[in-house]
Every structure is written in structure tokens, then in C-alpha cells.
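Taken in order, these protein sequences are the chains called U and V.
For what it's worth, this note's numbering labels the leading residue of the first sequence as 3, then goes sequentially.
For what it's worth, this note's numbering labels the leading residue of the second sequence as 616, then goes sequentially.
Quick caveat, the hints were computed from the structure, so don't treat them as lab data.
What you are looking at is a predicted structure, and each value in this text was computed from that prediction instead of being measured.
Any given hint could turn out to be false.
In silico BS3-like pairs for lysine-lysine, Cα to Cα no more than 25 Å straight-line [to be verified]: (1) U:LYS119 <-> U:LYS151; (2) U:LYS220 <-> V:LYS659; (3) V:LYS984 <-> U:LYS220; (4) V:LYS659 <-> V:LYS984.
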Amino acid sequence: MTVMSSAVSTAAVSASGVARAFGSVQAVTNATLEVQPGNVTALIGPNGCGKTTLMLMLAGLLRQDAGEIRVAGADPRHDSAAVRASIGWMPDQLGSWDNLTCLQTLTLMGRGYRISKDEARARGAALLETVHLGEFADRPARVLSRGQKQRLSLARALMNDPQVLLLDEPANGLDPRSRIELRTLVRDLAAQGRAVLVSSHVLAELDEMVDDAIFMSKGRTLGDEAAAHVADAKTRYRVATLDDSLLRAALADSRVPYDDEPTGIVIRVGSDQEAAQALAWLMSKGVPVHRFGPAGSALEQTYMAMEEERR
Amino acid sequence: MWLVTGIELRRRRPTVKGWIFYGLVLAVILGLGILVAVSSSDEKTSGPLEMVLVLVLGAGMLIAPSLAATSINGDSAEGVLAPLQMTRLTAGDLAIGKLLASWFIAFAVLVTTTPLLVYAFSRSGWHWDELAIVLGAILLVVLTSTAIGLAWSSLAARAVASVSLAHLTTGFLLLGTLLAFVFVQPLVSETVTDVNRYVDYGAMTPEQQRAYEDAQMTGDFSELDVASLPCMEYSSQYGVAHTDRIAWMILANPVVMIGEVSPIINAETYEKDGRAAPGVFAIMHATVSGWRMGPSEEDLAGRTYDECANLAAMAAGEEPPMMDEGDWEAEQEAMSVYAPAPWVGLGLQIALLLGSVWIVISRLRVPYKKLRQGTRVA
């Protein structure tokens, strides 16, 4: 890292005020984000909000019209080769060389990164095992199913041992088992000190995978407001009882604030300890609780709330 | 760069069907060769060799640009271009690698025809170095067409558009230069007037007519009173094009360029020189040379034929002056050995090649500033 960039931030990826237009269409208006090494950050937003465009700019494939981007300390406008070398990019579009086998694909990609042939081959074979495609190593990529191609694409993104991973909709088309494996793999990659930015629509999936979330809407990243929403959503616990009037009375008596929502009553607890205390307290008040737990995915709640504001 | 070429060639590795098709093509080529060998006489002839060369050129100019013209926008649509751009490969590596991969396939056509080429060459009266130069020129033309295809592929969003544009460009170079040469001729034409005088048969008296006919029959013009015969003057006007001023248009044609680098074969002395009779290329060179020389003084002066004067000469017992047709054979020889001018064509090919490669490299450079209209990055 150069002195200048370390002065700017310790983040592996940082963007501030980034904008990009295609002709008259403003795809990204104002995006600001940071991804720390060892962290998994989610990029969440509705279709067409500019997630992929932002990722392309971070990957050094597309030049931003305005704003600053630093990836591993380098500016993609001036040193896009260094940026690209430090990034593993998994595109949203599935592309593979149909006539080449999976192992050939990875070996050739590795050689594109100037890795020696033997090393690229060994690395490719190991990555195929990592993404559970070992048995397809010598079969042409055209026989792969959508989910398998997705995994090959992930292996391809890892060929250059990148410090930064940009995963664009990696869970698309994966079966439930592969999703769980992907989650574990992404956590492992982050644990190795890599910075991971992942965009997805499967919000419940992201909940368990990410440390941080960035919401995007109409080309803007929603900063603190969204973060506050997520923090709030994480404290929301839904309480289901056999008799809600008892619960309302108990809460009102003790001046505990609660949300009376159509789907049930929601209270806020700060931590797991608080949750345990709250449940014990409710039981002691004789409230017939039959279900007590987080009010669904925090990301999903925030997403829906943001969508609501948009309308 | 070679890595990209390797990837491209591996991706296009033929399937079983592909090999069968290739085998059929090879069989047709060999069959044609044997047919030509059997049907032709034992004399030296450059026909088969020229046929093979034209075949290589034609196949190369059809196949290689078609492949190249889909290889950037096609890859982009398939989503396999951007992952390569993410690696340490530069835009130049990608451009040159893709160019060579398509070109090598045209090269394979040449290799396929080798048996026929060797046989045809043995009978052609050409020398090795001459063949090498012509093959070099053909491969350059194919390489340039390939680069043009690649450039269109990097400019147009759809593969259909880039393939058509690539073939249109090739077509323009082949036919457009010819058409331009033909249509521009009136602009550089000079009006030439032929003045001819004839005896006016209709205005003669019956006696004169009889005497005139007798003289024509017997060939004895001494009895004819030539001075009294009515004479009439016809003049006709037509344009003679200064083709020498626009010959560069035709020299820009890639096929003409190949003709210009082919061996010079003297139309008169080829047998003595150990050559075959002038073939397609030699005739093309002679024709183009004729255009380059332009009209002669006599061509521009117009031709005159004076029957009245001729009759007077014959009546006086002299030989009438011959129509000056020029020395046709000497003219043919001069045209056939006229110094070849491949430089216009070669220069154009090299300029197009470099220009196309420059376009491709600048269009493949990431981060993209501009995208092809209506496309996404991957």
C-alpha cells in the first residue's frame, strides 16, 4: 500500500461519491462504500439500482464519471492492471468456454494471470475440489448445469488468489446445499483476511453471511439511515402468545414499548442476554408465550422498509 | 498473446462433425486437383496454380473475417470476454491473439491445399521465390480482412451486424474499387474526334456508280475519274479516358495487388523464357499496365480514314496508306513486362491492418469509457 492510500483508509475497497452514466441513463448517481479486509459486506438493492455497474467500476472494468475508487490502494483509473490483479470477480453473467474442460478453463485463466502452467493446473484442480466440481474436471463446461457453472465461475474468480472478492449474485441458481456451502466458503475466504463484497437478492441467505450491509436504491448507496435500520431490525423480536391481550397488558403496565403489527407483537431487545431476560420476565408475568424469536431477516426488513420509502 | 491464440484455437477445436466436414473439403480439393491434372495437357501451365491461389485467397477472405467478426461482440455476449480482461492479459494480447487465431484457420486452408499446390507449382513455370511472394501477399490480404472483421466486431454490438459489415468491407475492396474505376472514367475523359471521308455513292450519277463498281470489282482504279466523285465527310466523337490518372484506384484492389506481385511473364517470349503462357495473373497485370500507361498520342489524336484520298492514290497507281493500327504485338509485350506497381495495394492493406488493430486495442482497453451501444460489460 502506498502512503497516500493508507492515509485515506485502511479499507481494501473504498469508493466515495462514485457516479456513472450510460448515455442519458444515470446508472450510479452517488455511491460510497468501504469493505474492510476480513469482512463480508453485502450490496443490496432492487433490480436495476446500479449494483452491477458499481461492481464493474470497482473491478476496474468500467471507468467512473466522478468520484474516487481505491482497491488495494490502487486507483483503477490509473493503475487498472494492479486493481484487476488484486480482485477476484464473479460476474452476474454466466460465461464459459463450452468446448474446454473445467480444468482447462481454470488453467488457462491462471496462465492469463501469469501463473506457470503446472502451478495453474494444480491450483485449478484444488479449486475445483473446493467448489465440489472435482468430478467434472475433465468434462467440457457445456455439460454443467446452471448452478455448476456458477460454482465454476466462483473457482475462476479465485484463480489469482485475490485479496478482494467481488461476487455478483453468487447464489443465483444454486441448490440449497450449494448455498450453504457457498456461505461457508465465503466466510472461510473472509477469515483468510480477504475483503468480500457480495450482492444478492436472497436476503435471508446474506443475514448469516455478512458483517456489514450497504443498501442501494436508484443509483445511491443509503448510508447511516440504512445502517440504523439494520441495527434496529436486529433488535426486533416477535412474541407469539396464546392470548395477545395478556401480553399487551403486561407490556403496557411495565411501560415497555412495543409495535403492534398485523403479524404479531414486536419488542426490542439489545442482546441475547436481554432476550433471555425478557422471555423469563414474560413467563413470570404469566403470558402464555408459544413462540419467541427474531422478527425475521434484518436485511429483509430493512430492504422492505427502504422499498416502502421509495414508493 | 500466444495464450489468447491458444485459448481461441482450443475453443474452436472441431467436433467430429467438423472433422468430417474438413475431410470432405479436403477430398473435394484433391478431387479437383486430380481432375485438373488429368484434363490438362503436358505443356507448362500456370492455370492450376492460379486456381489454387485464388481458392486460398477466396476461402481465407470468407472464413477468417467471419470468425474474427464474431469474436469480440460474440464473446462479450457470451460473457467470456470480461473474465479474460480481468487477468493480466492486456488489450493488445487479446487483440493480436484473436487476430492470429482466426488467421491461422485461414492458414489451415492453405496447408490443406499443399499437395495440389506443390503439383500445380511444378507445372507452372514459376520460381519458388515468386510463389513465396504471392503467398505472402495472399496471407497479408487475408490477415487484413481478418483484422477488419475484428475491428467491426469491436465496434458493432451484434454479431450479425459485424459479420455483414466485415464482408461488405471486403466486397468494397474487391468490387467497389473496380466500380469506382469504371464510374470515374467519364470525369477524366478527353473527347476525341475521328474524321472519316467516304465517296458518296448516293450522289453519284449512274455512270459514276457503274465505273466505281467496276473499279471495285476489278481492282483497277486507273479508269476512275476520282476528282469528280462526290465526297462526304463523317466525323464521330467519343471519349477516351485518361486511365493513367485513376489507375491508383484499381491498384488499391487486393486482387490486382496480388497480380502485381506475381511473376512478370513476357507475352511474346514466354516459351523461350521457360515460362507457361500468360495466365490469369499475368493477363491481369498486362491489362492493368495498359490502364496505367493510359491512352497513347495516336489514341488521343483520333483516327482518320479518307476513302477519297485512297482512291486518288490508287488511281495514280500507288498503294493506299495502311490504316495505322500500331504494332499490336509490341504493345502487348510492353504491357506484359511493364514494371509492376504493388505498392498502392500493399500500402492500403498495411494501413487497414494497422488501423484495424489500433481500433480493436483501443476498444478492448479497460476500464471502459464507452460501451458499444446496447451492450453490457461482461
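Quick rundown of the hints versus the structure:
1. U:LYS119 <-> U:LYS151: Roughly 23 Å between the alpha carbons, so the hint for U:LYS119 and U:LYS151 holds.
2. U:LYS220 <-> V:LYS659: Since the Cα atoms of U:LYS220 and V:LYS659 sit roughly 77 Å apart, the hinted pair is violated (cutoff 25 Å).
3. V:LYS984 <-> U:LYS220: Measuring from Cα to Cα gives roughly 21 Å; hence the hint holds.
4. V:LYS659 <-> V:LYS984: violated (60 Å)
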